Amino acid sequence: MVTKELTVINDSGIHARPAALIVETATKFKCNVIFIKDGMRANAKSIMNIMLLAAEPGAVIKVETEGSDEAEALDAIEQLFSSKFKYD
Amino acid sequence: MSGPKPKRVMLQGVPASPGFAIGPAFLLHPEERVVKKRVIPPEKVDQEVARLKRALDKAHKEILGIKTRIIGDVGEYEARIFDTHMMMLQDVEIVAEVIKDIHENLHNAEYAYSSRINALAERFESISGGFLKDHMSDLRDVATRVIDILMLSENNLSYLDVPEPVIILSRNLTPSVLSQFNRKNTLGLTTEVGGKTSHVSILARSLEIPAVSGISWSGIEIEPGQTVIIDGTAGNVIINPSLRDIKEYEFKKAAFFAMERELSTLRDLEPITTDGKYIELSANIELPIEVESVLQYGADSVGLYRSEFLFLTREDMPSEEEQYQAYKYIGERMSPRAVTIRTMDAGGDKLVPALKMAGELNPYMGWRSIRVCLDNRSIFKTQLRAVLRATAYSNIRLMFPMISNLWEIRETKKVLDEVRKELDKEGIAYNAQLEIGCMVEVPAAVVMADELAREVDFFSIGTNDLIQFTLAVDRANEKIAELFEPNSPAVWRQIKSVIEVARRHGIQACVCGEMAGDPLAAIVLIGMGIDELSMGPGVLLEMKKLIRSISFEEARLCSEAVLLLTTADEIGGYLRERYGDKLADLGITKFPGKRSSQI
Chain P
1 MVTKELTVIN DSGIHARPAA LIVETATKFK CNVIFIKDGM RANAKSIMNI
51 MLLAAEPGAV IKVETEGSDE AEALDAIEQL FSSKFKYD
Chain U
1 MSGPKPKRVM LQGVPASPGF AIGPAFLLHP EERVVKKRVI PPEKVDQEVA
51 RLKRALDKAH KEILGIKTRI IGDVGEYEAR IFDTHMMMLQ DVEIVAEVIK
101 DIHENLHNAE YAYSSRINAL AERFESISGG FLKDHMSDLR DVATRVIDIL
151 MLSENNLSYL DVPEPVIILS RNLTPSVLSQ FNRKNTLGLT TEVGGKTSHV
201 SILARSLEIP AVSGISWSGI EIEPGQTVII DGTAGNVIIN PSLRDIKEYE
251 FKKAAFFAME RELSTLRDLE PITTDGKYIE LSANIELPIE VESVLQYGAD
301 SVGLYRSEFL FLTREDMPSE EEQYQAYKYI GERMSPRAVT IRTMDAGGDK
351 LVPALKMAGE LNPYMGWRSI RVCLDNRSIF KTQLRAVLRA TAYSNIRLMF
401 PMISNLWEIR ETKKVLDEVR KELDKEGIAY NAQLEIGCMV EVPAAVVMAD
451 ELAREVDFFS IGTNDLIQFT LAVDRANEKI AELFEPNSPA VWRQIKSVIE
501 VARRHGIQAC VCGEMAGDPL AAIVLIGMGI DELSMGPGVL LEMKKLIRSI
551 SFEEARLCSE AVLLLTTADE IGGYLRERYG DKLADLGITK FPGKRSSQI
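Residue numbers (this note's numbering), protein chains in the order written: chain P, 1 to 88; chain U, 1 to 599.
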């Protein structure tokens, strides 16, 4: 299992579109991807779980991946955060 | 029908899509759908899970079908919400919980599913104010579809299967449910929630279905099949109309169709006066999806895209990417025609939730428009980046609102240059020849127009603000509504001077305020030498008809006469006297009211 703390740095927090991007990314990997915020655990492959975290700008999220491709998954998620959930 | 004659009831709502319809009522949600709890025998658990999965599959296919249809009918941009819908439908956690409930508690699929959704809804409600509210109705839309499929598979009865033309009376009609109805059998519709800019109203307009929103059914008795009249132009609904009502509205309906037919032949003709002067006719829009009606009405361009509408209906700020997609979409749909994007004009009556704008004592003269942008550079820069990126693909122009001194326009251009440099550094493409303009809507800008003209490529006169500032009449204050007088000579003389300045500097002059869409005012504006008139898409064709029936010389003489008059009453009277009959002959009936809430 690998973990990392990531900060939401886009202007609008994790609303529907960033949430959709997170799910899209997490689903590409076999491993489990869990987001933890304020003690709440969310399955990153579930759009409802991610949206329910209600992560606003500045929120810190602990990302936990576990499985055969856990390192790659964590990298991909980190990239998504640092790109402010952009498409390009 | 037996019993006493049903009572005639007239309701006033909000006009959501123009046109008239008469027909039998179809009640979309006569009562709340009741999902019954049943206990299934243990040996049928697998069957029940399979039934759930079939329903989810079917819902997925339906949403995909709707998405394709919306892309075709309305556009790619508006269809994107259905991607989120499909993701909600396939949400692994929801599906796993529901299957677990079926296995462990032997609940029937629809009950297990709806209780899971209700539990989620409760959690949504408890979460910080409004952040996710919009998405809650998306989830409900998806859930209703699944539950419908599950219940229909049982009694094999499609409530959307309407055999004859009807008028749909609904509480909250979603675009996806509306698109399930056969267009031919949908005469008109009403909704309880949602206004002119709700998605379903926009869809109704693009499908040309008359619609009225804001019609509440509480306390009114109505049976399916009773006759209803919908007046989507005025926003009226009559339940159980009298024979006289029916005759009157049959006539209105026929006249409306005749007018529409006639106007549609105008679509491809040029807005050119009888002596050959071309007046560019463009449209004011608030939402990307409106470009469809702009194209439908044959506008030359979008003269004013009110970008602040991207910011008004949400708690967070739209990201650069979201804004870019919206601007690019409008630009590409309109291409090669021009699109003038006005930067965020927040404040006054348009509060942006994410900016936490406080109510002010004097909001129209307060912290609004370009002032807000110059005070929030990072938000402003995000918008400018998005616009600049979109210019790489289409004919976009950029316009800044409420410029009242030289410092503001120079500072704004400095910010724009900073953004250009950032993009250069990042190697991102944009149109280096981008035209920029400013709105002239503050008397100080009229006085300083000569200097401002050296800074920009075009002027756009915002008449609504110019009138309120010139006359010191708050346009939101009902008590002084009568004082809001577009025909004031003080207003006309300023407009004339701005057009003159623009001509002297060889830059374009446009009017994008309410006056541009008023037939009498438009004649004067044309006579003063305006290059472009920008108005609501709905009045474009009538305006074109008017322009094609007058000569520039005639309009010029008229404008000269107007400038000699010294009171608003004289000017109004003169214009009505001179052109009232002509407009009546042309069948132009739309005289926009004195007041307006926009711009």
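Keep in mind that the hints were calculated from the coordinates and are not lab data. Quick caveat, the model's predicted, so the values are computed rather than measured. Keep in mind that the hints are not guaranteed to be accurate.
Calculated lysine to any residue pairs in the SDA-like style (CA-CA distance at most 25 Å, straight line) [unchecked claim]:
#, chain 1, residue 1, chain 2, residue 2
1, P, Lys-37, P, Gln-79
2, P, Lys-62, P, Phe-29
3, P, Lys-30, U, Ser-404
4, U, Lys-61, U, Thr-84
5, U, Lys-100, P, Gln-79
6, P, Lys-28, U, Lys-425
7, P, Lys-28, U, Glu-322
8, U, Lys-496, U, Lys-350
9, U, Lys-356, P, Ala-59
10, P, Lys-84, U, Glu-315
11, U, Lys-413, U, Gly-359
12, U, Lys-425, U, Arg-377
13, P, Lys-84, U, Asp-457
14, P, Lys-62, U, Ile-63
15, P, Lys-62, U, Lys-356
16, U, Lys-350, U, Ala-392
17, P, Lys-30, U, Met-86
18, U, Lys-277, U, Asp-457
19, P, Lys-28, U, Ile-63
20, U, Lys-496, U, Met-448
21, P, Lys-37, U, Ile-63
22, U, Lys-58, P, Ala-20
Label-pair ranges, simulated between beta-carbon atoms [to be verified]:
#, chain 1, residue 1, chain 2, residue 2, range
23, P, Asp-69, U, Glu-208, 43 to 53 Å
24, U, Thr-274, P, Glu-24, 50 to 60 Å
25, P, Gly-39, U, Pro-353, 45 to 55 Å
Which stretches of chain P does chain U cover? Using the computed rule of at least three CB atoms under 8 Å from a CB of chain U, they are [said to hold, decoys possible]:
#, stretch
26, 11-17
27, 42-54
Think of the CB as a built atom: it goes at the ideal place given N, C-alpha and C, for glycine as much as any other residue.
Each hint, compared with the structure:
Restraint check for P/Lys-37 and P/Gln-79: the C-alpha separation of about 19 Å stays at or below 25 Å, so the hint holds. At roughly 18 Å between alpha-carbon atoms, P/Lys-62 and P/Phe-29 fall within 25 Å of each other, so this suggested pair holds. Distance restraint check for P/Lys-30 and U/Ser-404: the Cα-Cα separation of roughly 58 Å exceeds the 25 Å cut-off, and the hinted pair is therefore not satisfied. As the CA atoms of U/Lys-61 and U/Thr-84 are separated by approximately 14 Å, the hinted pair is consistent with the 25 Å bound.
Simply put, U/Lys-100 and P/Gln-79 have alpha-carbon atoms about 34 Å apart, too far for the 25 Å limit, and the pair is violated. For the suggested pair P/Lys-28 and U/Lys-425, the alpha carbons sit about 33 Å apart, so the restraint of at most 25 Å is broken. Restraint check: the Cα-Cα separation between P/Lys-28 and U/Glu-322 comes to about 24 Å, which is no more than 25 Å; the hinted pair holds. Using a Cα cut-off of 25 Å, the hinted pair U/Lys-496 and U/Lys-350 is violated, with the two alpha carbons roughly 29 Å apart.
For the suggested pair U/Lys-356 and P/Ala-59, the alpha carbons sit about 19 Å apart, so the restraint of at most 25 Å is met. For the proposed pair P/Lys-84 and U/Glu-315, the alpha carbon gap of about 18 Å is at most 25 Å, so the pair holds. Taken as a hint, the U/Lys-413 and U/Gly-359 pair is broken in the structure, with Cα atoms around 29 Å apart against an allowance of 25 Å. Between U/Lys-425 and U/Arg-377 the CA atoms are separated by roughly 19 Å; this keeps the pair inside 25 Å, and the hint holds.
With a CA separation close to 35 Å, the supplied pair P/Lys-84 and U/Asp-457 exceeds the 25 Å bound. With a C-alpha separation of about 34 Å, the suggested pair P/Lys-62 and U/Ile-63 falls outside the 25 Å cut-off, and the hint is violated. For the suggested pair P/Lys-62 and U/Lys-356, the alpha carbons sit about 29 Å apart, so the restraint of at most 25 Å is broken. Proximity of U/Lys-350 to U/Ala-392 is assessed by CA-CA distance (about 30 Å); at most 25 Å being required, the pair is judged violated.
Annotation: proposed proximity of P/Lys-30 to U/Met-86 holds, straight-line Cα distance about 21 Å (limit 25 Å). Distance check on the hinted pair: U/Lys-277 and U/Asp-457 sit about 21 Å apart at the alpha-carbon level, within 25 Å; holds. The straight-line distance between the Cα atoms of P/Lys-28 and U/Ile-63 is roughly 23 Å, inside the 25 Å bound, and the hint therefore holds. As the CA atoms of U/Lys-496 and U/Met-448 are separated by approximately 14 Å, the hinted pair is consistent with the 25 Å bound.
In summary, the hint linking P/Lys-37 to U/Ile-63 is not supported, as the alpha carbons are separated by about 32 Å, beyond the 25 Å threshold. Our distance criterion of 25 Å between C-alpha atoms is met by U/Lys-58 and P/Ala-20, whose separation comes to about 22 Å. Taking the beta carbon of each, P/Asp-69 and U/Glu-208 are about 52 Å apart, inside 43 to 53 Å as hinted. U/Thr-274 and P/Glu-24 have their C-beta atoms about 58 Å apart, which keeps the hinted 50 to 60 Å range intact.
Between P/Gly-39 and U/Pro-353 the beta carbons are some 28 Å apart, a value that contradicts the proposed interval 45 to 55 Å. Residue count for the stretch 11-17 of chain P with a Cβ under 8 Å from a Cβ of chain U: 6. That meets the three needed, and the coverage hint holds. Proximity of the stretch 42-54 of chain P to chain U, defined as three or more residues with a beta carbon under 8 Å from a beta carbon of that chain, is established by the 9 residues found.
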